[in-house]
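*Asks:* Sequence:
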Amino acid sequence: MSPSDVVVVGGSTAGATVLRELRSRGYEGRLTLVDPEPGTNRPPLSKAVLADSAAESTVLMDHSSLEVELVRSRATSLDHAGRTVSTDDGSTHRFDALVVATGSRARRIAAPGQTGELVLRTVDDARRVRERFADASTAVVVGAGFLGLEVATAAATAGLRVTVVDVDPPLQRLLGDHLATAICERATTLGIDFRRSGAALVGDPVYAVRLDDGEELAADVVVSCVGDEPVTDWLHGSGVEIDHGIVIDDHARTSLADVYAAGDVAAVRTPEGVVRRPFWANAVAHGRVAAATVLGQPVDTPIVDDYFWSEIAGVSLKVVGCLPVEGEPEVLEDAGSGHGLLAWGRSTVVACGIRRSAPRLRAVLRERASSGAPTVD
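Mapped onto my numbering, the consecutive letters of the sequence shown carry residue numbers -19 to 357.
Hints in this document: simulated from the structure, not taken from any laboratory.
In this text, all values refer to a predicted model and were calculated from it rather than measured experimentally.
Treat the hints with care, since some could be wrong.
What the hints assert, rightly or not - Label pairs and their computed distance ranges (CB to CB):
1) Pro339 x Asp148: 45 to 53 Å
2) Val255 x Asp32: 43 to 51 Å
3) Pro278 x Ala138: 47 to 55 Å
4) Gly316 x Ala34: 42 to 50 Å
5) His231 x Thr161: 37 to 45 Å
6) Ala28 x Gly70: 37 to 45 Å
Even glycine gets a Cβ: it sits at the ideal position worked out from N, Cα and C.
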């Protein structure tokens, strides 16, 4: 039996997917969206929005066509027994089914009260970073993951001298040696410098980064890209299981009946343990699964979508399958300079430096699996 009242907390990619899926699957009941801010499609923030202010309006989500009751307040608590969510405007919102899609916030490394650290998570963050780039000549980015390298690319493209600091080799833990090397070699041609070290922010406001050996890297702009933290604080005391995020099963169900979670706030229980993958494709997959489960309909989408894309130093990267990848790939299409259509056994296909659609990459991976392509040890 379909619920009469569905409340979704958080209206960005995962929450927006839930809303759309519920309506497209025939749900005609009451839909309430609780979110103090407009929903945001976040991947362009570190790409188009850092480059062009005109792109800001393109990342905001419009739910007006879905007949949604919009509550522009922040969720403050969940009363599971009473089936209500309270918000900071003093109101409560009843639900038969609740989907938590509150996402995550940028992790910071500044000392308490220390000002001047920039992060990138919201449209306002992207605007602030872009405006600082316009008046700067040097930048230090702390964190050599995907976001850090995308921010470094934007800074270098804007003409800044850029240093990226991380205790780990850039991108290797995420991608593996082959892909990380290809992308970082390209990044160095843009003038991006890499330093292996821990980092501490210096000054108030921040004007430098101190490395482990005591050296200080002065910069006009310092951006921390050191991961994210799921927004779960408002759920403390609710009884929902939290372990690196709200724990969900392969149907997006939490430990509480009629409460579901989706997107960056959610961590999926797998045979290997609880895993949180804060990527756009997973937010969409979670949203689709949650909507189907709420309505009691068959779940036809896996809870995990092993698809990822980025663009770093002018190199486009699309991945379908498992990361990181180890060893040398089989080159299915050679575009030179280590670029092309690459495969690692039956588990991963990558378009590196060439344009290929995600459906095409998925089809190639299926073809390899069905043809008995060799596995990778």
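*Asks:* Each hint: holds or not?
*Replies:* Structure-based check of each hint:
{"no.": "1", "hint": "Pro339 x Asp148: 45 to 53 Å", "result": "33 Å, violated"}
{"no.": "2", "hint": "Val255 x Asp32: 43 to 51 Å", "result": "35 Å, violated"}
{"no.": "3", "hint": "Pro278 x Ala138: 47 to 55 Å", "result": "49 Å, holds"}
{"no.": "4", "hint": "Gly316 x Ala34: 42 to 50 Å", "result": "34 Å, violated"}
{"no.": "5", "hint": "His231 x Thr161: 37 to 45 Å", "result": "39 Å, holds"}
{"no.": "6", "hint": "Ala28 x Gly70: 37 to 45 Å", "result": "38 Å, holds"}
Of the hints listed earlier, those the structure fails to meet are numbers 1, 2 and 4, in rising order.
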